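S.K.: So the protein sequences, as listed, match chains A and B. Per numbering that gives the first Met the number 0: the first sequence = residues 0 to 157. Per numbering that gives the first Met the number 0: the second sequence = residues 0 to 153.
Worth flagging that the hints you see were computed from the coordinates, not collected in a lab. The structure displayed is predicted, hence computed values, not measured ones. Treat the hints loosely; a few may be bogus.
[What the hints assert, rightly or not] Covered stretches of chain B, going by a simulated chain A footprint (3 or more residues, C-beta under 8 Å):
1) 54-67
2) 99-109
3) 116-122
[What the hints assert, rightly or not] Cβ pair distances, simulated, as ranges:
4) B:Asp18 x A:Ala119: 19 to 25 Å
5) A:Gly133 x B:Asn63: 36 to 42 Å
6) A:Gly133 x B:Ala32: 32 to 38 Å
[Claimed, not checked] So, partial list: chain B residues that the calculated Cβ filter (under 7 Å) puts toward chain A:
7) His10
8) Gln16
9) His95
C-beta atoms are modelled at their ideal positions from N, C-alpha and C, and glycine is treated no differently.
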Amino acid sequence: MLDDTDRRLILATQAGLPLTPRPYHALAEQLGLSPQDVMVRLRTLLDRGVIRRIGVVPNHYRIGYTANGMTVWDVPDERVDELGEQVGRMPSVSHCYHRPRHLPDWPYNLFAMVHGRTRADVEQEADRIAAVLGSAVRARSVLYSTRILKKTGLRLQS
Amino acid sequence: MATALSVLQQHLLNDFQRDLPLTPTPYREMADALGVDEEAVLSHLQSLQTGGVISRVGPVFAPNRLGASTLAAVAVPPERLEEVAALVNTYAEVNHNYEREHRYNLWFVLTARDEARLSEVLAQIEAATGLPVLSLPLLEEFHIDLGFPLRWED
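This is chain A alone, in the form it adopts within the complex:
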């Protein structure tokens, strides 16, 4: 479980680290902790998988990856783990998830996000995913994003 200090550290870092020479010292001062404690806690949160990575977070739209396709697939539930592992390893797939169907409106249970410079790039990657899934595919679709209406890295509210 996260303790109160972890939560304060997450709140203080989720919008980004200070762009100053000693960012962990700056956070430590802000939070009343030692710099060592800040670095050790961040390392522990990484090791526990609460933090996925720490680094530069590009805005893909602004560097030309304007085609963002959420490819969705209806595959048999008993094969979704095996197939999801294969699709998740494809370099063009940034996220791959098993999510529930919502019948009859939403038959798809496997989601793979593909970022490309053009829709043709995304279509090509979707066809590669289809080739990996083979005869397991019962239905497929690609939902292109047309607008980002909100995007923040925020996960916790104070």
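Following the hints, put chain B in place on chain A, whose structure we already have.
M.R.: The following block gives chain B in isolation, referenced to the frame of chain A:
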């Protein structure tokens, strides 16, 4: 649309999507790796962030490890899209909201402190809009999101 970037900026974006050093001077280590001085790294990161080319330098949190979250979809009549999107965006629990080309045209990620608050927000959005909300929570994640290699146009 795409912003022209220097080779140094391209390296800053591509090479440090993970493993920012957890040492007292991480930006100096980036600078050393790139053969430039720390001041250049900091000023480029600042201008990339101010210009929206990077959203931040910092931690990316795993889904479902902080509270309860779901991916929600709504089929919004096109003439009501602005109104419904604005309402959804008023919730601090909504961290991503995208318009997508589909009958389900509004897709947002909700992260709440617990399941009870998550259900409450979904119910409030349904009540306020009169539209059903599909809730598609993560059952399994198949890929660890460590960033992906960026390619640059010639």
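S.K.: Enumerate the violated hints, using their earlier numbering and listing them in ascending order.
M.R.: 3, 4, 5, 6 and 7
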